[in-house]
Structure formats: structure tokens, C-alpha cells
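Visitor: Going by the UniProt record's numbering, the letters in the sequence shown line up with residues 1 to 350, in that order.
One or more of the hints may lead you astray.
Stated by the list, open to error - In the DSS-like style, the derived pairs of lysine-lysine whose C-alpha atoms are separated by at most 30 Å in a straight line are:
id	residue 1	residue 2
1	81	65
2	222	196
3	42	328
4	290	103
To be verified - Just the calculated beta-carbon pair ranges, DEER-fashion:
id	residue 1	residue 2	range
5	325	54	12 to 22 Å
6	206	255	18 to 28 Å
7	336	102	26 to 36 Å
8	242	27	57 to 67 Å
9	310	59	15 to 25 Å
10	65	155	26 to 36 Å
11	188	218	16 to 26 Å
12	192	27	44 to 54 Å
13	221	17	38 to 48 Å
14	221	88	45 to 55 Å
15	195	125	23 to 33 Å
16	325	218	42 to 52 Å
17	311	154	12 to 22 Å
18	154	196	43 to 53 Å
In short, the hints are calculated from the structure, not lab data. In this text, a Cβ means the ideal position worked out from N, Cα and C, and glycines have one as well.
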Amino acid sequence: MSTPTTQKAWIVERMGHPSKALNFKSDWPVPSEIPKDHVLVKIQAAALNPVGWKLMQLAPNFLAKRPLPAEYDFAGVVEKKNGTEFEVGDPVFGFIHALITLKTRQGTLAEYALVPDICVTKRPSNIDAIHASGLTLAGLTAWQSLFECAHLEAGQTVFIYGASTAVGLFAIQIAKARGIKVVASASGKNEELVRKTGADEFIDYTKEPIHKYLASHPPSPKFHAIVDAYGLSDPSLYTHSATYMAHGGVFVTTTPAPHGLSFKEMGYLLKTIAAMTWPSWLGGIPRKFKLVSLKANKADLEAFHTLVAEGKVVGVVDSVYEMQDVLKAYERIMSSRATGKVVVKIEGST
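With these hints in hand, go ahead and build the complete structure from the sequences.
Guide: Written out as C-alpha cells, the structure reads:
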């Protein structure tokens, strides 16, 4: 059967909340030209990410190159190819990097997406499309936090804050697969999930500010790295880190952005900027601070794929929505109550 020329897609047309920014189209064009080293993927499922709705609300149209389909993560089947190792019909999963969308104007809340092959890998038979759809963006963010930013090795210890987030759950699994001890923190209601995922120790951050708990219960040995998978705006976990993080350790965060526009949140932002830039020889924090910036890296993707194929990393799905219920899916992810990925089923949706 030939590839259609138009498709169903959720299009980001303007800056704002998803309910105002998104518009459903049934006649969005399917890419007809496949550049070299690209594949056209027929999307089976797409997963939402915080970066999706945050960019919707913060990035003006001229920067975001709108209109274009929303979102970045996917699982699907190769429909067409040009100069890649993939064959038509291969089941795959991957993501479209946010910077790549600026050039290609592609997104994954659509029936088809054009993707460079550095962002795609074959889907192993031990995982279905729903669970595979949310692997890549959060999984690679966790991978690069642990190894490219923190340079962790087997036998070391990492503290993961926000362990029940998608990035946190992947970080636990990846670290354990590489022989790294994991101490994890989340709310008490998620303790069972976090421990089941592989955490060696669990701390409920709701009982006491986490930096105060760690200062009064310092680990032995101290943590070799801290991964903030939540994106704390309050820098206290970093500013007190010399008490519980080893000399030469690295504090890695995903997005230390304000969670609102209050004076308190703006104050946190200024404190974070000061803490991460003030040199230690002038009284600054004597531990490194790094903001993970996701890169499209084929070697990282294939290493991550190996862990998935071996069953050492699995996708944790919070909920699944039909394509017509995308706005409800955004309500779920924006509630900050999702544990795992919020997934939208594309293929077979009416």
C-alpha cells in the first residue's frame, strides 16, 4: 500500500498552554522527499515529555519555527529509507532532537515523521511499541547525566533526586546495570516503584528537606555524583553538597528552572546562578555543577539499546491515551503526578 500524502497530526500553532497552542489537523502533509541518512517512520505510539509543553509555553513562534507537529519520542515502523542500515518494515524507536525539529519541522504526535538515522534504533522483540515509545529522550538524558556529565564507574555511588520521574527511573536502571550503587529519593507513595526499579536505598523527601536529611545522615562513602532528575529550582541540595558528596563529585541537573513566576522562585534562580558560577577559591561551592544537555549520539543510543534488548532497562508507562485525547494526556503530564511516561497511541487511533 502506498504512503498517503496527508496525515492526522497535532500541530503546535502558537505559544501557550497546550489547550490553546495545539490544533488537530487531518490534512497535514506527509514528507515526500527522504534526505540521505533519514527514515520516514510510521508512528505507532508517541510519548510526551516536559520539554514539549514547556517549549509550547515559553518559546515564541519565530524561534520554534511553528506551525509543526508536537513532541519528540516515538516507536513505529520504517516506512521509507534513504542510505541507512534500516529496512522498510523494521520496528524502531527513537526521538527527534528539539534542535533537529527547528530544521526539519517534524514531530511525533503525527502518523508519520521524518527522522535522521542517528536518532533511531531497532526495537527489540522483548518490548512493545507502547513501552518503547518513551524510552529515548528520557533514557538518553539519564545515560548522558550518569556517564558524560558525572563520569560514573562501577563500584561508585550515585544519589538520584526525583527518582520517580521518567529520567529518574531510567537513571536507576542504567546505573544498576553498570554496577553503580543507587540511593534514590522520591515521595513515600512511590517508594515501592523506586525500589522495584532497582534502588538500593530510598529516602522520602517529603518528611524533611533533603539537604538537611543528608547533612544529618551523611553517607559513607560520600556520593560520587548527584543527579537531580526533577529539576529543582531551590539550589540547597547543591549548595550543601560538600557535606555528602565526595571531593571531585559532580552535581548534575536536568532543568533547574523556576516552577512559577513568584518572587520566591526568581530568588531561587538567582541563587542557583550564583552558586554554579561563583568559583570555589572565592568561597563558592567546592563541587562541580553541570546541566545535562541532551545530544543526538548514535553510540549512546546503541549502548542504551543493548540494555533494553538485555532486559536491564524497561519502559515504565504511567498512562496511555488515544490520539483524540491528547489534551487529556497533557493534563496528566503537567499535573506532576505521572510516574513514568504518558503515552499517546497513534496507530489505530480513530
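Visitor: Now tell me if each hint is right for this structure.
Guide: Cross-check of the supplied hints:
no., hint, in the structure
1, 81 / 65, "25 Å, holds"
2, 222 / 196, "24 Å, holds"
3, 42 / 328, "23 Å, holds"
4, 290 / 103, "27 Å, holds"
5, 325 / 54: 12 to 22 Å, "21 Å, holds"
6, 206 / 255: 18 to 28 Å, "21 Å, holds"
7, 336 / 102: 26 to 36 Å, "27 Å, holds"
8, 242 / 27: 57 to 67 Å, "58 Å, holds"
9, 310 / 59: 15 to 25 Å, "38 Å, violated"
10, 65 / 155: 26 to 36 Å, "45 Å, violated"
11, 188 / 218: 16 to 26 Å, "22 Å, holds"
12, 192 / 27: 44 to 54 Å, "46 Å, holds"
13, 221 / 17: 38 to 48 Å, "46 Å, holds"
14, 221 / 88: 45 to 55 Å, "52 Å, holds"
15, 195 / 125: 23 to 33 Å, "28 Å, holds"
16, 325 / 218: 42 to 52 Å, "47 Å, holds"
17, 311 / 154: 12 to 22 Å, "19 Å, holds"
18, 154 / 196: 43 to 53 Å, "22 Å, violated"
In the structure shown, a violation is registered for the earlier hints numbered 9, 10 and 18, in ascending order.
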